[in-house]
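*Asks:* Chain order of the listed sequences is S and H. Take 3 as the starting number for the first sequence in the numbering used here and just add one per residue. Take 153 as the starting number for the second sequence in the numbering used here and just add one per residue.
Each hint should be verified, as a subset may be incorrect.
As the list claims (entries may be wrong) - Far from chain S, some chain H residues (derived; all Cβ distances over 12 Å):
(1) Leu174
(2) Val177
(3) Ile180
(4) Gly184
(5) Phe187
(6) Phe189
Unchecked claim - Result set (DSSO-like, lysine-lysine): computed pairs, CA atoms no more than 27 Å apart in a straight line:
(7) Lys251(S) with Lys390(S)
(8) Lys201(S) with Lys390(S)
(9) Lys390(S) with Lys200(S)
(10) Lys219(H) with Lys158(H)
(11) Lys291(H) with Lys219(H)
(12) Lys329(S) with Lys111(S)
(13) Lys315(S) with Lys111(S)
(14) Lys291(H) with Lys154(H)
(15) Lys291(H) with Lys158(H)
(16) Lys329(S) with Lys315(S)
(17) Lys219(H) with Lys154(H)
(18) Lys291(H) with Lys33(S)
(19) Lys219(H) with Lys33(S)
(20) Lys291(H) with Lys278(S)
(21) Lys291(H) with Lys75(S)
(22) Lys278(S) with Lys33(S)
(23) Lys291(H) with Lys29(S)
(24) Lys200(S) with Lys251(S)
(25) Lys42(S) with Lys158(H)
(26) Lys29(S) with Lys42(S)
(27) Lys29(S) with Lys158(H)
(28) Lys219(H) with Lys29(S)
(29) Lys201(S) with Lys251(S)
(30) Lys200(S) with Lys154(H)
(31) Lys33(S) with Lys154(H)
Honestly, the hints are just simulated from the structure, not real lab data. Note that the coordinates shown come from a computational prediction; the quantities given were computed from them, not determined experimentally. Glycine included, each C-beta is placed from N, C-alpha and C at the ideal position.
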Amino acid sequence: MKKLNMEQRWRLIDSIIREVVRYVEYKHTLKDALSELTVKPLTGIPIAIAVLYGFWSVFTSFAGLITDGFMVKLFDNYWLPWLQDNFPGQLGDWLYSLMVDIGHIENGKLVPSDSCFESFGVLTSGLFIPIGVVLPAIFIFYLLMTVLEDTGYLPRLAILVDTVLHRIGLHGYAIVPTILGFGCNVPAVAATRILETKKQRFIMMTLLAIFIPCGAQISIMQNVIPDYTGFVILYLLSGYFLFGFILNKIVPGRSPEILIDVPELRSPTMRNISKKMWIRIRGFLVSAIPLVMLGSFVIGVLYLAGIIDFLSKILEPLFVFWFGVPKETTAPLIAAFMRKDLAIAQLQGLRAQGVISNTYQMVSAVVLTSIYFPCMATFVMMLREGGKALIGALLALLAAAFLFGGLLHLIWIVMGVM
Amino acid sequence: MKNVLKWYFVSLGICALILGFLSVVSGIGGEGFIFGFLEMPSDIFRGVIGGFILLFSGIFYIDGTRKMEDIHQLAKVVMGSILIWILAGCEIFSMICSSIPGETGWLNSPQGFLVSYMPPYAPSVVLLPFSIIVLYVIKERG
């Protein structure tokens, strides 16, 4: 075979190009023009705000419809009274307390609980929280998330937030684990693989574990502090950026730029949506229900054995004086390691019993539950993905919990509400 | 016809601007008000953020009507309508969700169900029918 010189090669290339490439004037379609509007900052930011507004609004309306409209009635009016009447034993017995209702003290007497939020039993709170509260929220969250993914809007959002996320050592694609984290932190930690360097993955994992509340947490917050959920999320997001900025300054390593190929906007297909939904919901059902039931059981055992009381006494100075929450918050914080949603439901129980005396204490306790430690599933995932870096992430996490928990207490004191 | 459509969208944009501004003000003040069939929301989320989106929809309309025959300008008008559809869609979805369950029983009574859809409406719902005209413009353009 004859070897071509440089000039002959170029001539061959030219002739191939003449054969296969056609030059015509490309006319922009309306879809192209709309697509451009979504990535230009001046027009893209209001559109992004509208999309996220729609996301949040549909999320809260749907979760409210299923949980408040049907599940609370089913569990509080039928399931709890049926178990209270038919389960062997009575209030105060070990097995009954663990499985059905731990009860609470009113005027010196142990009385049965009125709702599955307060009962803390494996068969009551342990089923109501994952099925009645969290499942509807997770369902609608993943549905909306899948629609955003499949329409091609997520890469556009990545472009819009790229500059801001560079300030905290990340880049635009960090929006993917961040938004996923609002559903569940476990796939979000797995999604940190999208980031190139160890530094970026460390920062992202740490921020996810501390400052991004999962869908389960958000849905239960919507139930127990509906007027303050927005405030809590804003507080956590400000911590996300502030702490990210600090981590970017102190963590050694590179934060490279990204080059994104933006796909065109398209209609999602039902087949893809249903497949993705099934995979995600199945993952939730398999991991959440057993963990919440186990969490309810462990907390019940610790409570009945007096260990919670013992820990409450030891931690009282830290809780009362630094964080501004009652010492009884110890039990929900232990539960938070199993499931954060279970922990917030337990805080609601403490509030109903008058232990948490006002809304501000409740907000502080909810924030503390969010930031003090990742849940067990996220912890295991971080261990798998982060390895040795996990120790650094946990130290950062404890520092953040101490500072941001104390800062919120300070804010309440300055406002004169505590 | 072009001029009629141009002034139609300018007027719609001005209405969106005014309603958006009022919505932001009532949201910040925390006191919504009812004016005929129009209800200004009193909360930060629907009032301030929703009002802000409505304001931008007005800006998109007004800016897009300059040389509307250009596809990029038309896209701004379409985006103005899309913002209203997002807001109104959320309002209507919220109405549907709150109309289904009853206060004590499982389902709402027929009367209670219908009452949920009675006025007053949020500004985006009032603007919704007027914003649909943009579909005619897209169809005409082919």
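*Asks:* So, for every hint listed, does it hold in this structure?
*Replies:* Hint by hint, here is what the structure shows:
1. Leu174: holds (18 Å)
2. Val177: holds (18 Å)
3. Ile180: Non-interface label on Ile180(H) holds, nearest chain S Cβ at 14 Å vs cutoff 12 Å.
4. Gly184: For Gly184(H), whose nearest Cβ neighbour in chain S is about 15 Å away, the distance exceeds 12 Å, so it holds.
5. Phe187: holds (23 Å)
6. Phe189: Consistent with the label, Phe189(H) stays out of reach of chain S, its closest Cβ about 21 Å off (over 12 Å).
7. Lys251(S) with Lys390(S): The given pair, whose Cα atoms are some 20 Å apart, holds under the 27 Å limit.
8. Lys201(S) with Lys390(S): holds (13 Å)
9. Lys390(S) with Lys200(S): Roughly 11 Å separates the two Cα atoms, so the pair holds.
10. Lys219(H) with Lys158(H): holds (9 Å)
11. Lys291(H) with Lys219(H): This hinted pair holds, its Cα atoms lying about 18 Å apart.
12. Lys329(S) with Lys111(S): With Cα atoms ~22 Å apart, Lys329(S) and Lys111(S) stay inside 27 Å; holds.
13. Lys315(S) with Lys111(S): Given that 27 Å is the threshold and the Cα spacing comes to 23 Å, the pair holds.
14. Lys291(H) with Lys154(H): With Cα atoms ~14 Å apart, Lys291(H) and Lys154(H) stay inside 27 Å; holds.
15. Lys291(H) with Lys158(H): It holds: about 16 Å lies between the C-alpha atoms, which stays within 27 Å.
16. Lys329(S) with Lys315(S): holds (7 Å)
17. Lys219(H) with Lys154(H): Measuring from Cα to Cα gives roughly 10 Å; hence the hint holds.
18. Lys291(H) with Lys33(S): holds (14 Å)
19. Lys219(H) with Lys33(S): At roughly 18 Å apart (the allowed maximum being 27 Å), Lys33(S) and Lys219(H) satisfy the hint.
20. Lys291(H) with Lys278(S): violated (34 Å)
21. Lys291(H) with Lys75(S): violated (48 Å)
22. Lys278(S) with Lys33(S): holds (26 Å)
23. Lys291(H) with Lys29(S): Holds: Lys291(H) and Lys29(S) sit about 18 Å apart, inside 27 Å.
24. Lys200(S) with Lys251(S): holds (15 Å)
25. Lys42(S) with Lys158(H): holds (24 Å)
26. Lys29(S) with Lys42(S): Answer holds: Lys29(S) to Lys42(S) is near 20 Å, not above 27 Å.
27. Lys29(S) with Lys158(H): holds (23 Å)
28. Lys219(H) with Lys29(S): holds (17 Å)
29. Lys201(S) with Lys251(S): It holds: about 11 Å lies between the C-alpha atoms, which stays within 27 Å.
30. Lys200(S) with Lys154(H): violated (57 Å)
31. Lys33(S) with Lys154(H): holds (21 Å)
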